[in-house]
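Undergrad: Following the hints, put chain B in place on chain A, whose structure we already have.
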Amino acid sequence: GAVVSQHPSWVICKSGTSVKIECRSLDFQATTMFWYRQFPKQSLMLMATSNEGSKATYEQGVEKDKFLINHASLTLSTLTVTSAHPEDSSFYICSAIVGTLDYNEQFFGPGTRLTVL
Amino acid sequence: AQKVTQAQTEISVVEKEDVTLDCVYETRDTTYYLFWYKQPPSGELVFLIRRNSFDEQNEISGRYSWNFQKSTSSFNFTITASQVVDSAVYFCALSERGFQKLVFGTGTRLLVSP
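These protein sequences, in sequence, are chains A and B.
All residue numbers for the first sequence refer to my numbering, where the first residue is 7 and numbers rise by one.
All residue numbers for the second sequence refer to my numbering, where the first residue is 909 and numbers rise by one.
Chain A on its own, in the form it takes in the complex:
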């Protein structure tokens, strides 16, 4: 199956700093990638849809100026958490789409655990 990687796997940063998380499709090209956030013991919530070469589409309630998404190539999308605060501590998961005739398969990355001190 298609492989999606994320880097880093975990990161600890100080409040006020910015953190960049990378999502890569390793063996396929993905025109669309999604970013999800999961707080401890909660469900996954979609943050934004990232399309190659265009601006990301953010879900209601997600601050686009705080969570910057760049999808510069067909294999890479980045999520930058700007001026991170402790409440941004969460598990961030990306996914990438592979199109088929009848359905677009979605493959998930392993996630990035962010802790903001």
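Hint data in this document are derived by calculation from the structure and do not stem from the laboratory.
Any given hint could turn out to be false.
[Claimed, not checked] Each computed DSSO-like pair below joins lysine-lysine, with the alpha-carbon atoms no more than 27 Å apart: (1) Lys26/A <-> Lys1009/B; (2) Lys70/A <-> Lys20/A; (3) Lys47/A <-> Lys1009/B; (4) Lys1009/B <-> Lys72/A; (5) Lys47/A <-> Lys946/B; (6) Lys1009/B <-> Lys20/A; (7) Lys47/A <-> Lys911/B; (8) Lys70/A <-> Lys1009/B; (9) Lys1009/B <-> Lys61/A.
[Said to hold, decoys possible] The following label-pair restraints were derived from C-beta to C-beta distances: (10) Val922/B <-> Pro92/A: 38 to 46 Å; (11) Arg936/B <-> Cys19/A: 23 to 31 Å; (12) Glu69/A <-> Lys924/B: 44 to 52 Å; (13) Val992/B <-> Thr121/A: 27 to 35 Å; (14) Ala989/B <-> Asn76/A: 41 to 49 Å; (15) Gln916/B <-> Ser79/A: 37 to 45 Å; (16) Glu111/A <-> Glu934/B: 22 to 30 Å; (17) Asn76/A <-> Val954/B: 23 to 31 Å; (18) Glu65/A <-> Gln916/B: 21 to 29 Å.
[Said to hold, decoys possible] Residues on chain A that point at chain B, a partial pick, calculated with CB under 10 Å: (19) Leu50; (20) Phe97; (21) Ile99; (22) Gln112; (23) Gly117; (24) Thr121.
Positions of the beta carbon are idealized from the N, C-alpha and C atoms, including for glycine.
TA: Then chain B, alone, in the frame of chain A:
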């Protein structure tokens, strides 16, 4: 609007017991897809099954089976003869035709004790 409800927050069973995880969904679309994912403590999502709205056949894969009933908008998941390795959080999810994003349920934490 789409919605997925997993009423069972946590289930504890003893190894070899059968266990059913419930999933009820809401959607206005006639074409949609339902999923089950497993999330072990490592956090990585493991795909288990996808079912489209036109295929109501039940499916069995080893110890896993799924019961899809459109009449009750349910897509339940049964693990037969549970094992300790089945301990994880299980998510049911829904996507509508033309929309690739997934709406997840709140998850059911399954704890299988030896």
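Undergrad: Run every hint past the structure and note whether it holds.
TA: Cross-check of the supplied hints:
Taken as a hint, the lysine 26/A and lysine 1009/B pair is honoured in the structure, with Cα atoms around 23 Å apart against an allowance of 27 Å. Restraint check for lysine 70/A and lysine 20/A: the C-alpha separation of about 21 Å stays at or below 27 Å, so the hint holds. The hinted pair formed by lysine 47/A and lysine 1009/B meets the criterion: a straight-line CA distance of about 21 Å does not exceed 27 Å. Our distance criterion of 27 Å between C-alpha atoms is met by lysine 1009/B and lysine 72/A, whose separation comes to about 21 Å.
Note on lysine 47/A and lysine 946/B: the hinted pairing holds, with a Cα-Cα distance of about 14 Å set against a maximum of 27 Å. Between lysine 1009/B and lysine 20/A, the direct Cα distance comes to roughly 32 Å. Violation of the 27 Å bound is thereby established for this hinted pair. Restraint check for lysine 47/A and lysine 911/B: the C-alpha separation of about 19 Å stays at or below 27 Å, so the hint holds. Restraint check: the Cα-Cα separation between lysine 70/A and lysine 1009/B comes to about 18 Å, which is no more than 27 Å; the hinted pair holds.
Restraint check for lysine 1009/B and lysine 61/A: satisfied, since their Cα atoms lie roughly 17 Å apart, inside the 27 Å limit. At about 39 Å, the CB distance of valine 922/B to proline 92/A agrees with the hint of 38 to 46 Å. At about 42 Å, the beta-carbon gap between arginine 936/B and cysteine 19/A misses the expected band of 23 to 31 Å. In this structure the hint that glutamate 69/A and lysine 924/B lie 44 to 52 Å apart at CB holds, the actual value being about 48 Å.
As the Cβ distance of valine 992/B to threonine 121/A is approximately 29 Å, the hint placing it in 27 to 35 Å holds. For the hinted restraint 41 to 49 Å between alanine 989/B and asparagine 76/A, the CB-CB distance of approximately 47 Å keeps it satisfied. Taken as a hint, the range 37 to 45 Å holds for the pair glutamine 916/B and serine 79/A, whose Cβ atoms sit roughly 42 Å apart. Between glutamate 111/A and glutamate 934/B the C-beta distance comes to about 24 Å, which sits within the given range of 22 to 30 Å.
The supplied range of 23 to 31 Å is met by asparagine 76/A and valine 954/B, whose beta-carbon atoms lie about 28 Å from each other. Roughly 26 Å separates the CB atoms of glutamate 65/A and glutamine 916/B, a value that falls within the hinted 21 to 29 Å. About 5 Å separates the beta-carbon of leucine 50/A from the nearest beta-carbon of chain B, less than 10 Å, and the hint is met. The interface hint given for phenylalanine 97/A holds, since its Cβ lies 6 Å from the closest Cβ of chain B, which is under the 10 Å cut-off.
About 7 Å separates the beta-carbon of isoleucine 99/A from the nearest beta-carbon of chain B, less than 10 Å, and the hint is met. Contact between glutamine 112/A and chain B, as hinted, is supported at the beta carbon level, the nearest pair being about 6 Å apart and thus within 10 Å. The restraint placing glycine 117/A at the interface with chain B holds, with a minimum CB-CB distance near 5 Å, inside the 10 Å limit. The interface hint given for threonine 121/A is broken, as the beta carbon of that residue sits about 13 Å from the closest beta carbon of chain B, more than 10 Å.
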